[in-house]
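Given next are the chains, with one letter for each unit.
There are 2 protein chains.
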Amino acid sequence: MEIILREGQKTDMSAVLSLIQELASFEKEANAVELSVEELERDGFGPQPLFRVFVAERNNEIVGMALFYERYSTWKGRSIHLEDLIVKHQYRGEGIGKALYTKVLTYAHDQNLKRVSWEVLDWNTVAIDFYNSTGANILESWKVVHMNENSLDAFVSKD
Amino acid sequence: MEIILREGQKTDMSAVLSLIQELASFEKEANAVELSVEELERDGFGPQPLFRVFVAERNNEIVGMALFYERYSTWKGRSIHLEDLIVKHQYRGEGIGKALYTKVLTYAHDQNLKRVSWEVLDWNTVAIDFYNSTGANILESWKVVHMNENSLDAFVSKD
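Protein sequence lines correspond, in order, to chains A and B.
Adding 1342 to a residue's 1-based position in the first sequence gives its number in my numbering.
Adding 1342 to a residue's 1-based position in the second sequence gives its number in my numbering.
What the hints contain is simulated information worked out from the structure, not anything from laboratory work.
Mixed in with the good hints there might be a few duds.
Since the list gives no way to pick out one identical chain from another, each pair is judged satisfied if it fits inside one copy or across any two copies.
As the list claims (entries may be wrong) - As a list, the in silico DSS-like pairs of lysine-lysine whose alpha-carbon atoms are at most 25 Å apart: (1) K1500 to K1445; (2) K1456 to K1485; (3) K1440 to K1352; (4) K1500 to K1456; (5) K1430 to K1440; (6) K1445 to K1456.
This structure is a prediction, so every number in the text was calculated from the model and none was measured.
Work out the full structure, taking the sequences as your base and the hints as a guide.
Structural data, given as structure tokens:
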């Protein structure tokens, strides 16, 4: 069956949100997704889109997606961050994930961007082995820090 | 001596690059900085700025800075990433870093952003303890992945 990779459209956001939720469940954070379809539509398709997404379509069904946006490295310059890459469970093992990954990296290369970054869970050894095999570098010494909305509220109101 | 916190201007980029280099040296990556003053001026002050920076000024000298840009969380929505925060070595311990940190978090809060993220080296326990004391969350299970320009070239040309 043919797989079509294409830029995601506003009308794809419902399918994209389902994939975001499937990935969050895989990451054992099923309840973490607070975004709505309407917010994805607004944020991705306004005058200054906050992200872009490539989707994989098979027989008119969206079976995978890669969502990314631009970042800025003070060491290297313009870069992109691959926020989510996921293929529906029943369509894995067919090379769709690799095709989406390649599309994002090729886009970054064509745009002359200096880095692509993303994050991976340390127990996801299948993904880590794959990333290593493609020349990506898993940083061992850096930790990700988040201050979420509730903590922001508390910090700012105390200050 | 009075400290002024203000939005960085194009003419501040030389001082900002010095601080980027000082931070990279502290992070044992002194040779990692490939950016030039001209690139910072172009990227931060064009029609679509790729970052913003707050600077701390003391007696007309820039003694610290916090550089950040917008990201997009597929769980929470609009967020900002604090890429670099540094105070010149000889001016530490006077609360300038805390003031810059507070300015960035307050900005995020005022903009109704859903998260502020950043990264920290695992041996930088002074910073980690400070972040924890302010309500930030150090993620223990996530690893940062980078594919740099050379690996991108190699991957895309092989594919």
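Going down the list of hints, with the structure as the test:
Taking the closest pair of Cα atoms, K1500 and K1445 come within 25 Å of each other only across two copies (13 Å); inside a single copy the shortest separation is 46 Å, beyond that limit. Within a single copy, K1456 and K1485 get their C-alpha atoms as close as 21 Å, and across copies as close as 20 Å, so both meet the 25 Å cut-off. Only within a single protomer do K1440 and K1352 lie at most 25 Å apart by alpha-carbon distance; the minimum there is 24 Å, versus 41 Å between protomers. In this assembly of identical chains, the alpha carbons of K1500 and K1456 lie at most 25 Å apart only when taken from different copies (18 Å versus 39 Å within one copy).
Taking the shortest Cα distances, K1430 and K1440 sit within 25 Å of each other inside one copy (13 Å), while across copies they are farther apart (44 Å). In this assembly of identical chains, the alpha carbons of K1445 and K1456 lie at most 25 Å apart only when taken from the same copy (16 Å versus 29 Å across copies).
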